[in-house]
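Colleague: Heads up: the protein sequence lines correspond to chains A and B, in order. Just so you know, the first sequence maps onto residues 0 to 363 in numbering that gives the first Met the number 0. Just so you know, the second sequence maps onto residues 0 to 374 in numbering that gives the first Met the number 0.
It is worth saying that the hints were derived from the structure and are not from the lab. Do not rely on the hints blindly, as some may be mistaken.
Here are some chain B residues pointing at chain A (derived, C-beta under 7 Å) [claimed, not checked]:
no., residue
1, PHE88
2, TRP176
3, GLN200
4, LEU201
5, THR205
6, GLY222
7, ARG225
8, GLY241
9, PRO243
10, THR307
11, GLU310
12, GLY313
13, THR314
Note that the coordinates shown come from a computational prediction; the quantities given were computed from them, not determined experimentally. A virtual CB, placed ideally from N, CA and C, is assigned to each residue, including glycine.
Single-letter residue listing:
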Amino acid sequence: MSLTLEHVSRAVDGQIWIDDASLSFEPGSFNVLLGRTLSGKTSLMRLMAGLDKPDSGRVLMNGKDVTQVAVRHRNVSMVYQQFINYPSMTVFDNIASPLRQAKMSKDEIDSRVRETAKMLRIEKFLTRYPLELSGGQQQRTAMARALVKDAELILFDEPLVNLDYKLREELRQEMRQLFETRNTIAVYATTEPNEALALGGTTTILHEGRLIQSGRTPEVYHQPKTVLAAELFSEPPINLMPGRIDGNEVSFANFVHFPLNVDLRNIGDGEYKFGVRPSHLSLVPSNDDDLELAVTVELAEISGSETFLHVRNEHFSLVLHLPGVHEYDVDTPIRVYIPTHKLFVFDQQGGLIQAPGLRMARVA
Amino acid sequence: MAEIRLQQLAHSYSANPAGPEDYAIREMTHIWEQGGAYALLGPSGCGKSTLLNIISGLLSPSEGKVMFDTTVVNDMSPEQRNIAQVFQFPVVYDTMTVYDNLAFPLRNQGMAEAKIQTKVQEIADVLDLQPLLKKKAKGLTADEKQKVSMGRGLVRDDVSAILFDEPLTVIDPHLKWKLRRKLKQIHEQFNITMVYVTHDQLEASTFADKIAVMYGGQIVQFGTPRELFEKPHHTFVGYFIGSPGMNLIEVKPETGGVGFGGIHLPLSQALQQRLADTKWSTLKVGIRPEFVHVWDGPFDDAMCADVTYVEDLGTYKILTLNLAGQSLKVRLQEDKPVPQGQAWISFPAQWLMLYADEFLLEAAHHVPASEVPHE
Numbered sequence: 000m001s002l003t004l005e006h007v008s009r010a011v012d013g014q015i016w017i018d019d020a021s022l023s024f025e026p027g028s029f030n031v032l033l034g035r036t037l038s039g040k041t042s043l044m045r046l047m048a049g050l051d052k053p054d055s056g057r058v059l060m061n062g063k064d065v066t067q068v069a070v071r072h073r074n075v076s077m078v079y080q081q082f083i084n085y086p087s088m089t090v091f092d093n094i095a096s097p098l099r100q101a102k103m104s105k106d107e108i109d110s111r112v113r114e115t116a117k118m119l120r121i122e123k124f125l126t127r128y129p130l131e132l133s134g135g136q137q138q139r140t141a142m143a144r145a146l147v148k149d150a151e152l153i154l155f156d157e158p159l160v161n162l163d164y165k166l167r168e169e170l171r172q173e174m175r176q177l178f179e180t181r182n183t184i185a186v187y188a189t190t191e192p193n194e195a196l197a198l199g200g201t202t203t204i205l206h207e208g209r210l211i212q213s214g215r216t217p218e219v220y221h222q223p224k225t226v227l228a229a230e231l232f233s234e235p236p237i238n239l240m241p242g243r244i245d246g247n248e249v250s251f252a253n254f255v256h257f258p259l260n261v262d263l264r265n266i267g268d269g270e271y272k273f274g275v276r277p278s279h280l281s282l283v284p285s286n287d288d289d290l291e292l293a294v295t296v297e298l299a300e301i302s303g304s305e306t307f308l309h310v311r312n313e314h315f316s317l318v319l320h321l322p323g324v325h326e327y328d329v330d331t332p333i334r335v336y337i338p339t340h341k342l343f344v345f346d347q348q349g350g351l352i353q354a355p356g357l358r359m360a361r362v363a
Numbered sequence: 000m001a002e003i004r005l006q007q008l009a010h011s012y013s014a015n016p017a018g019p020e021d022y023a024i025r026e027m028t029h030i031w032e033q034g035g036a037y038a039l040l041g042p043s044g045c046g047k048s049t050l051l052n053i054i055s056g057l058l059s060p061s062e063g064k065v066m067f068d069t070t071v072v073n074d075m076s077p078e079q080r081n082i083a084q085v086f087q088f089p090v091v092y093d094t095m096t097v098y099d100n101l102a103f104p105l106r107n108q109g110m111a112e113a114k115i116q117t118k119v120q121e122i123a124d125v126l127d128l129q130p131l132l133k134k135k136a137k138g139l140t141a142d143e144k145q146k147v148s149m150g151r152g153l154v155r156d157d158v159s160a161i162l163f164d165e166p167l168t169v170i171d172p173h174l175k176w177k178l179r180r181k182l183k184q185i186h187e188q189f190n191i192t193m194v195y196v197t198h199d200q201l202e203a204s205t206f207a208d209k210i211a212v213m214y215g216g217q218i219v220q221f222g223t224p225r226e227l228f229e230k231p232h233h234t235f236v237g238y239f240i241g242s243p244g245m246n247l248i249e250v251k252p253e254t255g256g257v258g259f260g261g262i263h264l265p266l267s268q269a270l271q272q273r274l275a276d277t278k279w280s281t282l283k284v285g286i287r288p289e290f291v292h293v294w295d296g297p298f299d300d301a302m303c304a305d306v307t308y309v310e311d312l313g314t315y316k317i318l319t320l321n322l323a324g325q326s327l328k329v330r331l332q333e334d335k336p337v338p339q340g341q342a343w344i345s346f347p348a349q350w351l352m353l354y355a356d357e358f359l360l361e362a363a364h365h366v367p368a369s370e371v372p373h374e
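The whole structure should be built from the sequences, with the hints applied where relevant.
Modeller: Written out as structure tokens, the structure is:
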């Protein structure tokens with residue numbers, strides 16, 4: 000089945016929660032809603048599910064208007080942040096509950112519960128009670144209940160946020176595999192850009208109740224239409240520097256000057272915002288025309304196998320995302336390198352002018 | 000200010016512990032040197048909170064000694080030990096101004112007001128609290144309150160050590176790094192032993208010069224962030240540090256090395272000897288996803304694996320491979336071609352670790368991993 004939102008809006012107490020949202024999800028697709036806290040992700044999902052009705056606009060399922068159809072008459076499941084299970088029922092009965100409501104035969108219930116539990120690797124715990132399980136197992140139980148009934152639409156509202164990062168790693172990958180063979184539309188809300196990337200499918204960026212950009216996840220990531228989309232879909236945040244192209248010279252913050260090269264030749268004179276992703280900055284030059292910047296270390300944040308290096312000069316701050324462990328004392332002077340072919344260029348209003356091309360690394 | 004020594008320390012909550020499983024802390028001797036920045040890192044239930052409570056004096060260990068320099072402090076209260084603590088939730092006196100909050104521990108000691116003023120101003124400068132000194136603590140944001148909590152510990156000259164227990168939990172994500180930077184600066188300016196307890200590898204590795212990784216009531220490795228990444232001493236450290244964690248594969252000894260499913264992995268003579276001299280019941284090899292080498296095409300000396308999943312993380316990819324029935328994660332940089340269907344890989348010898356009963360097995364004479372250049 001397909002799901003379409005047409006110019007959907009909703010206000011609560013005079014405050015706009017969802018502002019003119021139009022979206023379409025294909026059958027069997029996996030779709031991420033990416034946005035910060037209070038950006039409207041949950042509100043949009045509630046409209047999709049039929050838990051709330053829009054003030055204006057229409058919700059269509061398979062082309063049929065379901066705007067006025069209540070949630071219990073739609074074939075929808077939802078998984079929440081908090082693991083919601085029935086504490087007095089065994090894991091088996093928890094998973095079976097939607098099937099019993101649908102009056103399915105005992106044998107069929109039994110086989111479907113076992114199959115779903117096996118898929119989520121909780122088949123060993125079917126006779127236990129939810130509170131005897133770890134957080135990850137409890138969330139798997141809640142997910143199994145959502146998956147067991149072949150809903151046409153499954154909504155996940157930040158389901159992994161309360162789990163530790165090792166479990167999130169595991170469950171994130173399982174999520175995609177679970178949906179690869181199903182014809183269900185999955186919608187998954189998250190605040191984390193890296194989770195959106197890992198889950199793939201499509202990504203819709205939300206901000207203050209508005210849809211900022213929507214499309215295939217790698218396209219939205221590599222071709223953000225605006226500075227705002229680039230900022231929201233980058234963790235750590237994309238580095239932005241004010242700059243100017245003037246004849247044969249490019250300058251950042253009136254401070255770093257370098258000759259215009261092939262990467263920026265087609266843009267024309269003017270004032271711009273230049274962006275570069277933290278993972279494209281480096282401690283060693285990768286091309287002979289990389290820009291060298293003298294900076295001081297604000298902090299080396301080390302995350303086990305990666306380093307987020309915060310640096311600054313007197314005009315702007317940058318963050319580098321480096322693989323491996325790099326230990327630096329606070330205030331150490333270092334040099335960092337910006338590859339010009341990895342620069343995003345935005346106009347003064349924030350519209351994208353140029354995204355990094357596919358120039359291959361040149362030998363110095 | 001003090002060195003903290005845990006001498007043959009162990010703790011059981013049971014009155015008559017029968018075996019190792021009855022111990023929340025298994026016997027350990029461990030030294031936190033004066034002036035060091037340390038982290039105690041581990042998952043929930045690993046014993047880190049018990050150990051923290053033993054150091055601070057909230058709990059008396061059932062066996063062994065806690066020593067501050069040469070003094071045994073087992074029976075001393077936290078106040079007697081002069082330990083300052085910063086908890087998850089900031090502890091401030093809401094009705095007092097920031098100034099009075101910072102002055103509070105000094106007034107308790109009966110210090111003269113003029114001297115108190117100097118000390119409070121000094122700490123407020125360090126923590127960027129100057130503009131807030133006259134404000135009531137009640138109106139502060141969570142990160143400001145947490146800075147006041149830290150300031151109350153730093154303001155005293157006689158503090159032996161500062162213990163932090165997940166201090167950034169309630170701080171807004173985008174402010175966390177600023178507070179982490181502040182903590183680093185404080186440690187560089189004040190010569191105080193600091194121990195930071197957390198389950199978060201980022202918090203631990205960013206703050207600490209050395210990290211004690213706790214697992215099952217034991218410190219399984221005490222090392223720098225680089226050592227934990229490059230040479231995990233225990234399979235748990237390999238798994239827990241890094242995203243994704245280390246690939247661990249059970250192997251059997253073979254002539255000239257070890258192997259699994261028809262794959263042979265050669266070991267150095269010295270390591271083979273060490274393995275022959277060691278008793279073990281399970282044997283594993285470990286290699287981090289970052290260190291698996293992926294060749295651009297078929298290559299004679301490489302192993303061939305099936306590509307089962309490609310996770311595109313924007314500027315790099317995580318491949319899931321199947322190598323002779325074993326699942327393996329590999330990190331691939333953006334500019335590398337993505338293997339289709341099959342991947343040709345090898346395990347560079349310096350990054351292939353051998354674990355006997357979960358602990359790292361090393362040849363007697365080895366080149367430290369930190370001296371081996373990256374490939």
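Colleague: Should the interface hint for B:TRP176 be scored as holding, given a Cβ-Cβ cut-off of 7 Å against chain A?
Modeller: Cβ of B:TRP176 sits 6 Å from chain A, so the hint holds.
Colleague: Tell me if B:PRO243 is really an interface residue toward chain A, meaning its C-beta lies closer than 7 Å to one of theirs.
Modeller: 6 Å, holds
Colleague: Hey, does the B:GLY241 contact hint survive, CB to chain A under 7 Å?
Modeller: 3 Å, holds
Colleague: Report holds or violated for the interface hint on B:THR314, using the least CB-CB distance to chain A and a cut-off of 7 Å.
Modeller: 4 Å, holds
Colleague: For the hint on B:LEU201, does the least C-beta distance to chain A fall short of 7 Å?
Modeller: The hint holds - B:LEU201 has a Cβ within 7 Å of chain A, the shortest such distance being about 4 Å.
Colleague: Under the criterion of a CB-CB separation shorter than 7 Å, is B:THR205 in contact with chain A as hinted?
Modeller: Holds, about 5 Å.
Colleague: Against chain A, with CB atoms and a cut of 7 Å, does the hint on B:GLY222 hold up?
Modeller: 11 Å, violated
Colleague: Hint B:PHE88 vs chain A: min CB-CB distance below 7 Å?
Modeller: This hint is violated: B:PHE88 lies away from chain A, its Cβ roughly 18 Å from the closest one there, beyond 7 Å.
Colleague: Minimum Cβ distance from B:THR307 to chain A below 7 Å?
Modeller: 10 Å, violated
Colleague: Hint validation: B:GLU310 versus chain A, beta carbon distance must be below 7 Å. Holds or violated?
Modeller: It holds, given that the least Cβ distance between B:GLU310 and chain A is near 5 Å, below 7 Å.
Colleague: Was the hint right that B:GLN200 lines chain A, CB cutoff 7 Å?
Modeller: 4 Å, holds
Colleague: Hint check: is the beta carbon of B:GLY313 less than 7 Å from a beta carbon of chain A?
Modeller: 5 Å, holds
The structure shown violates the earlier hints numbered 1, 6 and 10.
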